[in-house]
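A.B. asks: Read in order, the letters of the sequence shown correspond to residues 42 to 641 in the numbering used here.
Worth flagging that the hints you see were computed from the coordinates, not collected in a lab. Note that the structure is a prediction, hence the values are computed from the model and not measured. Think of the CB as a built atom: it goes at the ideal place given N, C-alpha and C, for glycine as much as any other residue. Be a bit skeptical, because a hint or two may be false.
What the hints assert, rightly or not - Using C-beta positions, here's what the derived DEER-type ranges look like:
1) Asn462 - Arg122: 17 to 25 Å
2) Lys263 - Lys627: 25 to 33 Å
3) Arg330 - His480: 27 to 35 Å
4) Lys627 - Ala193: 49 to 57 Å
5) Lys171 - Phe395: 47 to 55 Å
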Amino acid sequence: MSRASRSAVLSVLALAVALAVPAAGPAPARAVVHHAGDEAAVLGEDHARAHARLRQAAKGTQGYPQSKRTAGLAALEKSQREVNARFEAARFGRFAQFFPSPDFGVHVALLPTGKVLLFSFERVEADPTKETGPTNTVGRTNAGRAWLWDPAGGTGGRAFKNVPPPVVLMPDGTYSPRPAPFFCAGHSYLPNGMVGVFGGNVGGKGGSGAKLSFVFDPWTEKWFRNRDMAVGRWYPSVVTGADGRQIIVSGQSEHGTGTPTPVVERFPALGHRVPWRPYDIPAGVPAERLRAQAPFRNDYPHLFSLRDAMIYGLGRDADQQWLFDPVRDVRSDLPRRPADFRGYGSAVPLPAGFRGPDSVLVLGGDPHDPHTYRLSGGRWTTEEPRAFGRTQDGTLILPDGTLLTVNGALDTRDYGHGPFNPQADLKYRQIEVRDAQGHWSLGPAQRLPRGYHSNALVLPDGRMMVTGDELQQIANDPDIKDGMDGSIELYEPAYLHRGARPALDRVPAGDLRYDAAFQVSSSTAKDVKRAVLLAPSTVTHSVNTSQRHLDLRLTGVQGDRIGLRTPPGAADAPPGHYMLFLLDAKGVPSTAKWIKLGAR
């Protein structure tokens, strides 16, 4: 044996002895990576990565022992059971399942395959009283991760598939390849069902903007990289317009936190075709810089493309409410919002029947203000309040047109008992539902408190998926060493407890033109009273730019055939994939099937 070989073997043995401690346990599947000197050179990258995970697992359990996590989760389960015993499922729905996930779910997107994309970051800390993510980390450990969850595969580990982002070199001076740190990016859908993801974190400077641009292809289940944006963006917002192109605004620049960029970009740039078919994969495609600017003082503004084909940019500051014309490339002012500064709170384009939305409801973001604020016809009105104010909440449009708020906190990382404390006031765990008359009512409680980085979306079967908030997930992890860092909870809305569901047996394949007749088949056609389209959600930080709900005109029923008509135009419903639900007289929805609006 050569001297070099013998030295390598001795190094491996020494590391094995050093790591053979009971506290370390089995390596978590996706824990953070810490490289020690020449360990990777001696052992190889994967072996060194496994050792780093062992060390990190041991460190996390010392600072916040498993017994505390287990006891916390048990206490939450008990209080949830006691509170929810008084809520009748047929009136308030119920939380039905809670199970581990391999990802924190800082970002989620429902794909037209029915699967859910979750992505976030590799954790750098397992103690929930400390910062979990690599916000200020420079180098290899500032990395992203992504997973797919297939609801058809159930709730076990086999229902998840790892879909890691491309390995990149970041301009941080370390020359450290790592899976792209695209957490705290912005995203929306392209007409072919792909998810465009823009920005991320270079690390350092309190978090600094990356120029990264990717698409995730749901059909091949792979990531593709495009040309970098003109500026770095950390915490940007993205919305899809009536032409199928994406508008990208705001975000902290490459110069670090406190330097939001006013630059507006469009993807793909004019002169490059909008991805339309499943095989139209953007790779190496540029964005373009627009003339109009969006100088938001704070990041993650709400963006909506409404039925007038304008882009509404609703900033967190009351005086930064703007209207963007993506065709003329100009910005104009909207009236000042009645309420003052709003933190991370939700906003929803309100259903407007057979046409696209023409008004937006802004709610949340201020724990001291329970009111909701509606922008319609160029003016603001104060609407009925919720039971209490909350930030970090998510509000979803359900298939029956009602709104449902879930998640929330007192403030960023403050659940009612101080920052970074894993306890929370019970009220923040309760859902709240807005009926067709605009009245709100509190409902059952979810298992975990979920505030900062919490998310939710509606699945094609009408259930709601709730995830996110890495601090709460780690604080209540049933096994911090098993690599399942996150968790998902499923809520069944009240309509799933009101009898048998209508059937939706078949929908047309291929593209459907606007303002066009089409037919679907249903073995319960005589019971169908309503047909609606619900856009899929891609959401982060309480910002959900893709939500949309439209009724479809019923033109007749013959046997098992139901005649319907598509929305009037692309401004009503931007081109892309939608869930089609049939509803009966009690508002019970079918399981959705996907249709694609718009034809080239």
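A.B. asks: Looking back at the numbered hints, which does the structure fail to meet, lowest number first?
C.D. replies: 2, 3 and 4
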